[in-house]
Amino acid sequence: MHSVFSRINNSSALLSSCAMGLLAAIAVSSMLLALFEAPLDGGVVNVNSVKVVYGKGRQRKYEHAVVNFEIDADLSPLFNWNTKQLFLYLDAEYTNAKGVQNSVVIWDRIVRRKADAKIHVEGKRAQKYAFKDVTGFRDASATYTLRYNLMPHVGALVYGTAGTTNATVAFPPVINHV
Amino acid sequence: MFTEELKAFRRLGFRHVLLQALNFASVIASGLMIWKGLGLLTNSESPIVVVLSGSMEPAFYRGDLLFLTNPVHERYHTGDITVYKIPGADIPIVHRVLETHDAKYRGPLPAHNQRLLTKGDNNEVNDIELYRGLEYLERKHIVGKVRGFLPYIGYVTIAMNDFPQLKYALLGGLGLLALIQRE
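Top to bottom, those sequences are chains S and H.
At position 29 of the first sequence the residue is numbered 29 (the UniProt record's numbering), and the sequence of numbers has no breaks.
At position 12 of the second sequence the residue is numbered 12 (the UniProt record's numbering), and the sequence of numbers has no breaks.
Excised from the complex, chain S in its bound form (with noise of 0.2 Å):
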């Protein structure tokens, strides 16, 4: 009846059962919180200009883009106890000559503390990704979007949007070097 083994059985099974339910807590009343959180104060996203070159990728020639934009958003409320960390991206969305709707990340940082949730970020070295197109972005125009996706210590996954750009930017036309 009360032999080593039974208590061992059954202090284990508490223990266990007592962490699961705090993490389930904890998952549970950090997702709550974010369903009922006012929603994020729009951050601000300006693309100042977008150059399109020619550049060879891998195999074929490619025309890429490089975007001069500026961030400034405030994320900090995103940031709760059961905040790991926030992977925030610049998505760049356009549609190019072929129909073929693209989504190209082409900047992200990741927020690991709340005193680090105010962005601001700008000038030529900004993009971080390189972004191409076979087709070319001949006639296009993208929606550039900071998202983030706020990762917790145990739970569901966020995603969610923290600025845009107001209206679509077009992509000039390619300058030919040389």
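Please keep in mind that the hints were generated in silico from the structure rather than gathered at the bench.
Check each hint, because a few of them may be wrong.
Pairs of lysine-lysine residues, derived as DSBU-like cross-links and limited to a Cα-Cα distance of at most 30 Å, are as follows [to be verified]:
no.: 1; chain 1: H; residue 1: K167; chain 2: S; residue 2: K128
no.: 2; chain 1: S; residue 1: K56; chain 2: H; residue 2: K104
no.: 3; chain 1: H; residue 1: K36; chain 2: S; residue 2: K128
no.: 4; chain 1: H; residue 1: K140; chain 2: S; residue 2: K56
no.: 5; chain 1: H; residue 1: K85; chain 2: S; residue 2: K84
no.: 6; chain 1: H; residue 1: K167; chain 2: S; residue 2: K98
no.: 7; chain 1: H; residue 1: K104; chain 2: S; residue 2: K51
no.: 8; chain 1: S; residue 1: K98; chain 2: H; residue 2: K7
no.: 9; chain 1: H; residue 1: K7; chain 2: S; residue 2: K61
Fair warning: this is a prediction, and the values are worked out from it, not measured in the lab.
Knowing the structure of chain S, use the given hints to seat chain H on it.
Same frame as chain S, but now just chain H:
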């Protein structure tokens, strides 16, 4: 401490052993049923995965448990964390979507006309080198989208892979307990 267990074992006899073996088998079978049922519900061949590499740090560490879904009619978005498996590669990879390209409606499901490019948060470059000659991922390579997350629980399986003796000890111990317990 085992002597009385063995005594009990002798007293209860052959039928009892058979019954316990049946119980053991039914536990394993129901586990398998739950796993496959979850797979059907989430439309993912492997709805729960363990993170094996550090390429998504600091979001996911080795041993974290991820819960996936793969809804048929839903397209993938940039920023989604996917698990994909390239044919010929042994292990599935957990990385974030960097680019999506949706061609015009061609196939039976529009959401499946999608090409994806991924990147690990902790990697400097995108995953093209991991695609084994493919230029983009296609929907058929995707196992699922990460929806939820439980830290470190999956480390047991990594430990069992690293130290096979542990796996056999655990399995043997569980089997023995199932045979000799009396309730």
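Quick rundown of the hints versus the structure:
The suggested pairing of K167 of chain H with K128 of chain S is violated, with an alpha-carbon distance near 44 Å, which exceeds 30 Å. Between K56 of chain S and K104 of chain H the CA atoms are separated by roughly 26 Å; this keeps the pair inside 30 Å, and the hint holds. The suggested pairing of K36 of chain H with K128 of chain S is violated, with an alpha-carbon distance near 41 Å, which exceeds 30 Å. Straight-line distance between C-alpha atoms of K140 of chain H and K56 of chain S comes to about 28 Å, which keeps the hinted pair within the 30 Å bound.
With a CA separation close to 27 Å, the supplied pair K85 of chain H and K84 of chain S stays within the 30 Å bound. This hinted pair does not check out: K167 of chain H and K98 of chain S have alpha carbons roughly 54 Å apart, beyond 30 Å. Straight-line distance between C-alpha atoms of K104 of chain H and K51 of chain S comes to about 27 Å, which keeps the hinted pair within the 30 Å bound. A C-alpha spacing of about 79 Å is found between K98 of chain S and K7 of chain H, which places the hinted pair above 30 Å, so the restraint is violated.
With a C-alpha separation of about 79 Å, the suggested pairing of K7 of chain H with K61 of chain S is violated against the 30 Å cut-off.
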